[in-house]
Each structure stands twice: as structure tokens, then as C-alpha cells.
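Visitor: Below are the chains, spelled out letter by letter.
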Amino acid sequence: MPDTDVRDDRRRVRGLDALELQPRRGTGERSAAETAGRIWAATWPKLAAVALVLLAWQAVVWSGWRTEFVFPGPDRVLPTLFREITTPEFWEAVQVTMRRALTGFALALVVGVIIGIAVSQFKPLRVAIGSLITGLQTMPSIVWFPFAMLLYGISESAIMFVIVLGAAPSIAGGLTSGIDYVSPSLLRAGQVMGLRGVQRYTVLIIPAALPMFVTGLKQGWAFAWRSLMAGELLVIINQQNSIGWALSQARQLNDAERLLSYIIIVLVVGIVIDVFFNWADRALRRRWGITGS
Amino acid sequence: MPDTDVRDDRRRVRGLDALELQPRRGTGERSAAETAGRIWAATWPKLAAVALVLLAWQAVVWSGWRTEFVFPGPDRVLPTLFREITTPEFWEAVQVTMRRALTGFALALVVGVIIGIAVSQFKPLRVAIGSLITGLQTMPSIVWFPFAMLLYGISESAIMFVIVLGAAPSIAGGLTSGIDYVSPSLLRAGQVMGLRGVQRYTVLIIPAALPMFVTGLKQGWAFAWRSLMAGELLVIINQQNSIGWALSQARQLNDAERLLSYIIIVLVVGIVIDVFFNWADRALRRRWGITGS
Amino acid sequence: AGAEEADGSSLTLGYFPNITHAPALVGVQDGIIPGALGEDVAFDTRIFNSGPDAVNALFSGEVDAAYLGPSPAVNGWAQSEGQALHVVAGAATRGTGLVVREGIDSLDDLRGTTLATPQLGGTQDVALRWIAEEQGWDVDTAGGGDLSIVPQANAETVDAFALGEIDGAWLPEPHLSRVLAEDDAHLLIDEADLWPQTDGRFVTTHLAVGAEFLDRNPEVVEDLLRGHIASVDLLNEEPERARAAAGDHLESLTGARLDPGITASAFDNVAFTVDPVAPSLLAGADRAEAVGLLEPVDLNGIYALDLLNGLLAEDGRERVAGLEG
Amino acid sequence: MTTVTETPARTAAVEIQDISKVFGHGKGAVTAIDGMSVTVGTGEFLAIVGASGCGKSTLLSLVAGLEQPTTGSVDAGGHKVAMMFQEAALFPWLTVGANIEVPMKVNKVPRAERRKRVAELLDLVRLTGFDRKRPHELSGGMRQRVALARALAQDADVLLMDEPFGALDAMTRDILHDELERIWREKELTILFVTHNVREAVRLGDRVVLLSSRPGRVIDAFPVEGERPRRIDSVQIAEQAATITDRLREEVSRHA
Amino acid sequence: MTTVTETPARTAAVEIQDISKVFGHGKGAVTAIDGMSVTVGTGEFLAIVGASGCGKSTLLSLVAGLEQPTTGSVDAGGHKVAMMFQEAALFPWLTVGANIEVPMKVNKVPRAERRKRVAELLDLVRLTGFDRKRPHELSGGMRQRVALARALAQDADVLLMDEPFGALDAMTRDILHDELERIWREKELTILFVTHNVREAVRLGDRVVLLSSRPGRVIDAFPVEGERPRRIDSVQIAEQAATITDRLREEVSRHA
Ligand SMILES: Nc1ncnc2c1ncn2[C@@H]1O[C@H](COP(=O)(O)OP(=O)(O)OP(=O)(O)O)[C@@H](O)[C@H]1O
Ligand SMILES: Nc1ncnc2c1ncn2[C@@H]1O[C@H](COP(=O)(O)OP(=O)(O)OP(=O)(O)O)[C@@H](O)[C@H]1O
Ligand SMILES: [Mg+2]
Ligand SMILES: [Mg+2]
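Sequence order for the protein chains is A, B, C, D and E.
Here the first sequence stands for residues 15 to 307, numbered as in this note's numbering.
Here the second sequence stands for residues 15 to 307, numbered as in this note's numbering.
Here the third sequence stands for residues 152 to 476, numbered as in this note's numbering.
Here the fourth sequence stands for residues 491 to 746, numbered as in this note's numbering.
Here the fifth sequence stands for residues 491 to 746, numbered as in this note's numbering.
Be careful, since some hints might not be right.
EDC-like cross-link-like pairs, simulated, lysine to aspartate or glutamate; straight-line CA separation at most 16 angstroms [what the hints assert, rightly or not]:
#, chain 1, residue 1, chain 2, residue 2
1, E, K517, D, D668
2, E, K677, E, E717
3, D, K517, E, E627
4, E, K517, D, D621
5, D, K517, E, D621
Hints in this document: simulated from the structure, not taken from any laboratory.
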């Protein structure tokens, strides 16, 4: 019995060593301290990055590289930003833009998935329009507006049209690539089990293609957002202000402070969305048993 | 002996049956007729698609949906297109744009690969700037122009800057995703074999991440091209005409015929580039033993 | 207001958030235009950032009337072969000029410099090329020659000037006042000096109406013109109040108030009138042709000033002239 | 062309006639199978042995319809065919239970029933309680057993098994031999069973077919005597296995 | 807590002390190994047998440093460790030859030398002429042999082998047994050899270690008698294998 005790102690000590190498696992629920530690680990690099950027920025401004009204420092931009985000109009604009972005993206998702599956399913279709999809993607959103206007008038639908044209190709492309790279051994397994038609897609192909699909979604979001910004800066619809319009007005008026404020806002939106995609991506990898490097 | 002959004949007949199911393999070099057949199979859907689009387009125009000056038909656009592409200025413009696109993309490739590897290698860096990369990607090119001008003045470098900012995040993102999804069993094999440092990347990680990387490159190209178009329409640099400029001029003058001509040109460029990426992708899949569906 | 429903029950007006569109700004802000249209006509607005977009909207019937600069109006007329729009009134004149950096004091100093204009083939661009042509300089449309003319967006131009990338620019208001206020720059040429034949007046903003809309609903257009005239009058008679209203409207559209000094100086440089100064449009087109930027365009019929002249006559005011012959 | 077309008395479930299979074209072409004919009777348990790379997996793929023969014909007579691959080929994004449910979903088995059968099958392969794990959390042998459960869940008439027990310890394998034999009996399955373990082949098979390598051909077929259930460590099995092994050895050395 | 720490006379190459390995956290945690201690002498050929899922692969991963033990320590004394995985884990984008070259590239073997060794190794695993094929063009057993060649190309002192011959026919396996034994002799390797084939364990091992399942512990160790090279079908091996199999059976049934 004493012998066992000694061994247990020794094990505990070694366990502490192991703890330093990697988070200790299998020791029941995580403690609050551990959770706090994890949050801290996920946060400090972000905070450090922000602080560094602000410092560098201010330093450049202080160095007198460019005049203040061309390149204002954080000391001038942050108050402007703060003033902007405390107005109700700002939040209305954000709401309008986010609503458009999300509906547009959802639409692009549906269209992209249908096209992606159709293209990867029917060989002649792929040969015929596979490359056209990428071709469409390279088209600057600005050229779509005359068409959007012809089809839908100056309306939300026109903006949706441009978003879908911008984002759907990425989504379709990601899906097609994902489907192309599904492991042949899984495809064979599916075939033997008699997976066919819709079930083949829901049970096998789509889940197997998910990693690339999510990457495609992320790109699609970026395209959707950029198209939206391009669309919003052309015209105000229904007297609704929007982020894209505000951005373009700041640019038109050479208002560097507001421009920088809105850049920060767009960045923040982009980062928040990306955090969401990353979360999905990590969940996916955990499921597949691929732990991050 | 006669028995064997009969069997051989039968086998030959069955061989023909098999031929109908899939291209006959292992029968020495392919014949010229087969090659022609393959080219035809790769071409007819494209030609059919083009013909269909042209027909539909002309039909819409004939239906009188919109007046000709708003939405001209192929009967008016194709001659304009032909007139454009037969001028030497046009080819100079194409050359200028393609040179910018390719140098910009090459630059974005270098930057994207470096960032991608750095981010997937260093955990704090990923936490700090991983999401920022997507954030940057969602930024419309238009907001980069003031910065490009601050940094580089009105010059080619300013355009390169915008292209890199547009394309590098996609490339980095594709690479990071690719690296994240490298099969753990291959990583373990690499670790045991002592793959480390640069060699670990050149021998294991990059090839394993190639499929997603190529997808990222494709997206990166689309972003690069769009950023370039946006950049070119802002200013003429060094007295050089370019496709983006021509596109924006057509729009400025509300010249629907020239606008459509240039849309076709941009599409063709996009399609040609995509054909190249597809070729790379197929070569990759053949190597990996993943035959297309 | 889609093209199909151009039944006069509604009117959609397009304009820019820009000082040269002040009659629209004031007219909408103070309710002058909707008031003139009356209860029966639903009034709606579309705010554009650029002329071509507004013309496109006119083409497809998305807007029924729009305030436009001369170049988009002419382009729209030319592209539609005279089918899409008519100019029914003037709105603003003047308000552009060539600003250059210190050290350039005469036309001769311009040789070898780089100057920006807002748009290739636009009025300002044509004016600068016209001057170069008169001086006998060799200039091309791709920024080369004795004088390097680079077309670029006004916002870019302001930055480029501040950064010393260009030596000067032919700018409209309020960018003109902005450069003058913020940089070491001075006005080398006031564009008004180029128009002795019209007493220094030249068109900056028009009010254009879709041709079909005009055909079907002349009475609605007449009401619109009534409001337009009232707005212009207000701008001329009570400049303080009108400018304040325009400023308020601008702020609501752009989310920011311009520097008051710049606004005041910009307003001082622009004159508001319902006269479209037709000769300046014609002469501008001739000049554009002369410098090789425009295919010959027949501008005959672009003006439809009868309604305006009728209203002016009601008030006992002087008629304005279109293009005769 | 030593094609052994020994037709048993019962009706044929799978009829393989004079097939050949060539991979690749031109100079790189590999003839995996050449002129092979085998008839598998309904309800027959056919064991297939042969050197590594002789075309056993290819043969099963052809029978399952996953590949088309270059010449010749394979006829499974409309039977439903299930296959257990050499590698487990589980869907990595599904739990063990969900993996086993896949073929039942195809067969439109109701949800409650599916749950029940999953539990039964996991019990059968000695993995009770593992249904919520994911494939990457299993050991190699466990994955193989899940693949077995999945193949059985398919409720097919013809079962193709490619080295199904290769990664299992002797004890677990013995248990699964018994279970497989029982199921084969009960459901009157036709089984094509590829293995490298000649004893295992003799333990389970009604007939053991021996393939040659490069190109794969049937070089011999041994009907197995002995009452079922046979014991794998019985002398009778050892003797028969020795005969087959000698024949195999002869064949392999002829090639080396 | 039956930890068998039988230390042979020679110096230790791998020292496994009182390790445990837990996968996952909280309720889902699985204790794969618990309190295991093994010392492997330099130049020893240690065979490891145990039921499926008992932690054999996990043990090898710990020795290779691919995982960290939850408690306890593993010390490979600075030796270079090579490992052959249960699945082949070849790089699918490289040809067979290039796959085998990878560890040599790491060791900075010159190009010409690499070519020569690839040919030798392919010859050794009986795959001469396959160096330009890609992994997906190989059969399961062939892939396993390429993995063996790759592991041998690493020129390590300690070789970890996880069921290396599981997918091979008896004849090819016998040949590779001889070759492996020869190389082990010549290069004075230390080998940890996991297998389900108890005869194989007795054929090759200096000592056979028997693991229990869930959690994995060493429950017994059998020194193997008999002069090398032993014949796998010899009576002596059959007897020893029977003893070990009985012990294993006892252990597995105790769990079931
Ligand atoms: N997709 C393929 N492309 C090219 N050659 C192939 C392909 N699949 C199999 N082969 C070749 O066909 C032959 C037979 O392969 P198969 O997988 O059927 O062997 P096997 O009998 O199952 O071997 P093992 O026992 O090692 O699994 C081998 O020589 C292999 O190289
Ligand atoms: N990554 C993992 N996550 C969770 N559990 C794991 C993981 N890897 C292994 N296990 C568990 O650890 C135990 C031992 O697994 P291991 O692979 O070492 O078994 P093994 O002895 O190699 O079995 P086999 O002979 O079947 O290959 C198993 O119960 C398995 O479920
Ligand atoms: Mg096989
Ligand atoms: Mg294992």
C-alpha cells in the first residue's frame, strides 16, 4: 500500500510535467481557471495586434510623413469613429447593409449549391459552363449594374442580383472542387451501399465536400460583401443609408477621417464573420479528427 | 486451337461492348480518330452554350423588351467587338492589362504563400491576424486607392498594391485551409521520417495542401482581376490604355455596345485562365488517383 | 417608377449629393418640388453618384427626371439617338476652373505639366484640351504629349494634388474650393473666362426628363418645372436660407457636413438659373469634336423648353432660348 | 489458360465468365486479371486466396460493379451485393452508429428499427457502447469491425469480403468466424471471402479458389471437407491448409 | 497493476516507465494505456500481441514521440526511431520510388545513392519495377510493402512496426520474415513489432509481450527459445504460439 502511494505521487508529479507539454486531458470537467486561460489565449494576440497597429499608425502620423488631412492618426479617427457609431443613423445603415448582405448571401448560397451540384454532376454542363462560372467571377461588379437595373430597376433586387453574381460562382466553385476531391474509396463505399440520387448527395457527397465548401463559402462571403459595397455606392434606394454609401461619400468628399472610420467598421464586420466561419471550420475538423496544427 | 480462336472472337465482341461503357484502355496508343473525338467532346458543349446564349440574347432583343440603345443585340455588339479587336490599340491595351494582371498575381502569390504559411505555422499569429486576412478581403478595392496613392503615387506600383491586397488573402486563405486539412496520418508519417523546417513544407505540407491551394489560387485570380479592373478605371498610367479603362469609358459614355463587347472580352480572358487552372487541377487529381466524376 | 407605369401618377427624380445640384437639394428638403407636384403624384427620389448611372436610370425608366451634367446629357442623347431624354431646363452654371500649384502663373507655364480632369471627353476635359489646342500643343487622349492630361475621379485628384502627384486640375465645385482652401494652389483659369459669347455663363447642371414621360405626362413635368423654378428662385433670392436647406439635405445624404468655408466659397462660384445656356452646350460639343473626342452629334431637339417658357411667360419673365434651326 | 469452371450443383448466384481487366493504357498498362471464369453457387461460401497483388480486390470490385471488365462479363443475377473493402472506408464525419445506419437509410428502414439493429450489430462485432465514437477514435481492428457491421447492415444476398479479419487478434477473429458462419447460414448468403490466412479460408469456405499473379487467373480450386462448424485449430484444417499453402508457395516461387 | 519490467542483460534502447494515455476529456475520456512499463534492450526484437483495441498502436506512437503520455515517461535514449504505420500512410502524390526516397532526402543521401537504394529496397520487398507507379495503382499488400521499404530507408536504430505483414500472403510474408531478420541482424536494430499473428511473433521475437485491453497493460511476457532462423511451421513455434494464444484467449474472454 505505501508503495502504491509513492508511485501515485510520482505519477502526479510527472502528470504536471505533461501538463506543460499539452493541456491536460481526461481530468474531469475543465476548471474555470482553465476556461479563462483559453479565452485569454484566444484574445491576447488579437489585442496585441490591435495595439501594435494603432501604435504604428500613430507613429507614422507623428513622423509627419503626410499632412493630417490626407492621413489622420488614430487620435483623430477614433473620436470620429466613436461619434459615428453613437448615432442612430449609423445603426440603421449597418442594419440595412447587414440585411442585404445576409439575404444576398443566402440567395447566392442556394444558387451556388444548385449550380455547383449540376456542374459536377453533368459532364457536358461542366465543359459548357464550368469555365464560364470563373469567367463571371472575374467580372467587376460595376459592369453588372446596368443589367441589374434593366432587370430589376433600382431596387433591392438589383443589389441582390449583383451579390448573387459575385458570390455564387465562388460557392459553386468551392462545392465543385470539394466534390471533385471526394476520396474515391468513400465514393466506392457509397456506390456499393446503393447510395443514389438525392441521398447520395446528402449522405455522402456534400458532407465529404464540406471542407472545401466552407472555404468556398468564406470566399463567397468576401465576394458578396465587396459586390454589396460596390452596389451600395452607386445609388441610394428608398432613402436608406448604408455602409457602402457612407464609405463612398467619405471617399468622394476626401474625408479621410470618416473613410478610415468606415474602413475600421468594415474590417470589424469582416473579422466577426470570419470568426464565425473559423468556428464552423474547427467544428468540422474536430468531427473529422483533424486537430489543428 | 480452333476453340481458342472462337473464344478470342467472342472476347473481341465483348470488348466492343465494354468500349461503349468506357474508353477502351490498354490498347496501345490512342488513334487519331479517338483524339479527334476527345477534342470534339470537349468542344461541342462549349460551342452549343455559346450558340444558345447568342440565340437567347437575340431573341430577347427581338422581343422588344428594351430599346436597342439600352440592350443591343448580338447583331450590333458583335460587329463592334470585331471592330475593337482589329485595332492595334486594343491589343496594346490587352497586353498592358495582362502584364499587370500576371505581375500582380505573381506578387500576390508570393505574399499570399508567405502569409499563409506563417499564419498556419504560428498559432498566436493566426489568432492575431487570421481573421484580419478575411477582413481585408471583404474591403472593396475602392478604399485602397487613397492608401495606394499615399504609398506609391499614381504609378503601376499603386495598381500592384491594390491587386496584392485583393488577391493575397484568398491565396493565403486557400493555403491555410489546405494545410489545416492535411491528413493527420500523413503528418505523422512525415514527423516520424524526421521531416522538419523547409523540407517539411516542400516535401509534405505544400503538396498535400495543393488541391485546396489551387482552389484558392483560382479565387485569388478572380480577386486580382477584379481589383485590377477597379484600379485601371481610376486613372490612366503612363499613357497606357487598358481593358479596365476601356470598360469604364464605355460605361461613362453609356455606350452599351462597347460595354457588352468588353464584357465579352473579359469573359473570354476569364475563361481562358480558368481552362488553365482546370488543367492544373485535373493533372493534380490524376496524380492523386482521383479520377473525375 | 418602372417604364410601364409612366402614367403620371408618380415621379421619380434623380440627383447627386452635390452643390451643383442645389435646386434639387433645396427643392426636396423644403418640399418645394413635391409641393408643386401636388397630392396626386407620388414623389420619389434616387440619389446617384455619377452621371452615367443616372442616364442609365433614365434610359430604363427607373427615374423620370434627373439633374445631369452636360456630358452625361449629351452622351445619353447621342447613345439613344435622341430617343431617351430631353433637357427641359437649366439648373446651374459656372463653378469650374483650373487650379494649379504655386509657381505656375501663366498658360505658358502649363507646358510639360500633368493636369487632371474629371473625365475623358467631359466638359472640363474638353475645355482644357481646347486651350491646349489653341496654344498649338500636342496632346493625346492617353495622357501623353506636351501637356499630360490624366482623367481621374475628383476625389483621387484632390489626393493626388495634395501629394504632389499632379500639377493642377480642372475641377468642379466643391472640389475646386476644397483644393484652394487646403493646398497651396490658386485658380489659373476661371472657366467663365472661356465663354465670352454667353457672358461667362456655361451650363453645369441640367434638368432632364425621360422622353416618353414627357410625351405622356406634360402636365406632371410642368409641375416639376414649377417646383424647379421656385427652388432656383429661392437660391437666388434667399441665398442664406436656401444654402442652409441645401446643406441640411447634403448632410442627411452624405452623413457629414462640409466645412462651412468650403461650402460658402463653392456656392459663391456657382450661379443658379433655369436657362440651360444652350449655346454653351453646342459650343462645347463643337470643341469636343474639334479636339477629336466626340463623333459629330446632332444636338437638334435635345431641348424641350416650351413648358419652361410657358411658365416663364406666365410670370412675365424672359424666355430662354434652345437651339434654333 | 487454366480456367477452372467447376460448377456446383446449386444455381449460380454470381457468374464470372472469361473476364480480363487491364488498368491504364499503352506501355504503362497492367493486366490485373486475364481470362478468369468462376461460378459461385447460391448460398456458397467461396474463399479466395492468392499472392499479394494477384487481383483479388480487383475481382471483388468487378463483381460489385465498381469497375467494368475490359473483356468478358460478370453477372450477379440481379442479387443485392454488399462489399467490405480492404480498407475500412468508413465515413469520417459520421459516428460509428451513423456509419452503420447508412445502408439502412438507403433501404428505408424506420428510425427506431435502425437504432435497434445498430445496437445488435455493434454487439455482434463486440463493440457495444462504441456507437457515438468517430472513426478516427478507433483502433485499426475496431474500424474493420465497424465496416463489417456496416456491410451486414446492408441486408444483401451476396457479400463480398476483402480480408475482413486481417487486423484482428486470433481470439476476436475466432468469435467473428462463428458469427459470420451463423449469419451466412441463417440468411442463406452467398459469400466471396478474400483472405491471406489459408486456415481461415479452410475454416470458413465451402471451396477455396487459388489465384495466380500477374495476370490473375484461377489456378486451382479445393473443395473443403469437414462438418461445420469446423475448428480452426483442428488437425483436419491444418492438413488441408498445408496442401493449399504448398500449392500457393509453388505458384509464388514460380513467379519470383 | 501487473507491470512486468523484465530487464534483459543488454543496455536499454527504449525505456517505457509507468505510462498512461488518456484520449479525450470528461465523460468521453478513454484510458487507452494505464500504468505500463516496458524496457526494450538494445538490439532486442520485441514482439507485442494483444486484443484489438488494446493500445498497441498507441504504445508505438508514444515511443515514436507522436503523442505525449498523459503520465509517465518514454525514453528512446536519443536513438533514431523509424515507424511503419498500421495503414500504409504513403504520400499519394509521389511515385513509389519517390515515397521511398523521402526519408533518404531527410538524411541528405546523395541522389545517385538514393536511386540505388530505392532499387535495392524495392527488390527486397519484391516490388522490382514498381518504382514509377503511384500508391493508388497498388494493391493493399503492395502498399504495405512500400511502407516497409520506406521505413527501412530511414536507417534508424529503433524500428517500430505496426502489423507490418497483415495484408500479405503467407509466402510473401515468410520471405519478408527472413529479410527482416537478416537486416535486424546486420544493422543491429532494436525492433518493436506489433502483430496479431502469434506464430509470427514467436517466429521473429526475442520476447513476446502480451497486452490486456482497456486499459492496456502488460499482462505477461514470454521469452522465446529456439535457434534463429526459426521456421514458422515448426512444431516448437506452434507449441509456444499455442501457449501464448491460450493466455490471450483467457484474457480476452475475461473481458467479454
Ligand atoms: N487503379 C489501378 N491502376 C493501376 N493498377 C492497378 C489499379 N488497381 C490495381 N492495380 C494493379 O492490379 C493488380 C491487382 O491488384 P489487386 O488490388 O486486385 O490485388 P490484390 O490481390 O487485392 O492484392 P492484395 O492482397 O495485396 O490486396 C496489382 O498489380 C495492382 O498493381
Ligand atoms: N485519437 C483517439 N481518440 C480517442 N480514442 C482513441 C484514439 N486513438 C485510439 N483511441 C482508443 O484507444 C484504444 C487503443 O487504440 P489502439 O489504436 O492503440 O489499439 P490497437 O491495440 O492498435 O488495436 P488494433 O489491433 O485494432 O489496431 C482504443 O480503445 C481506441 O478507441
Ligand atoms: Mg487487395
Ligand atoms: Mg493498431
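Visitor: Each hint: holds or not?
Guide: Consistency of the hints with the structure:
no.: 1; hint: K517(E) / D668(D); verdict: violated (34 angstroms)
no.: 2; hint: K677(E) / E717(E); verdict: violated (19 angstroms)
no.: 3; hint: K517(D) / E627(E); verdict: holds (15 angstroms)
no.: 4; hint: K517(E) / D621(D); verdict: holds (15 angstroms)
no.: 5; hint: K517(D) / D621(E); verdict: holds (15 angstroms)
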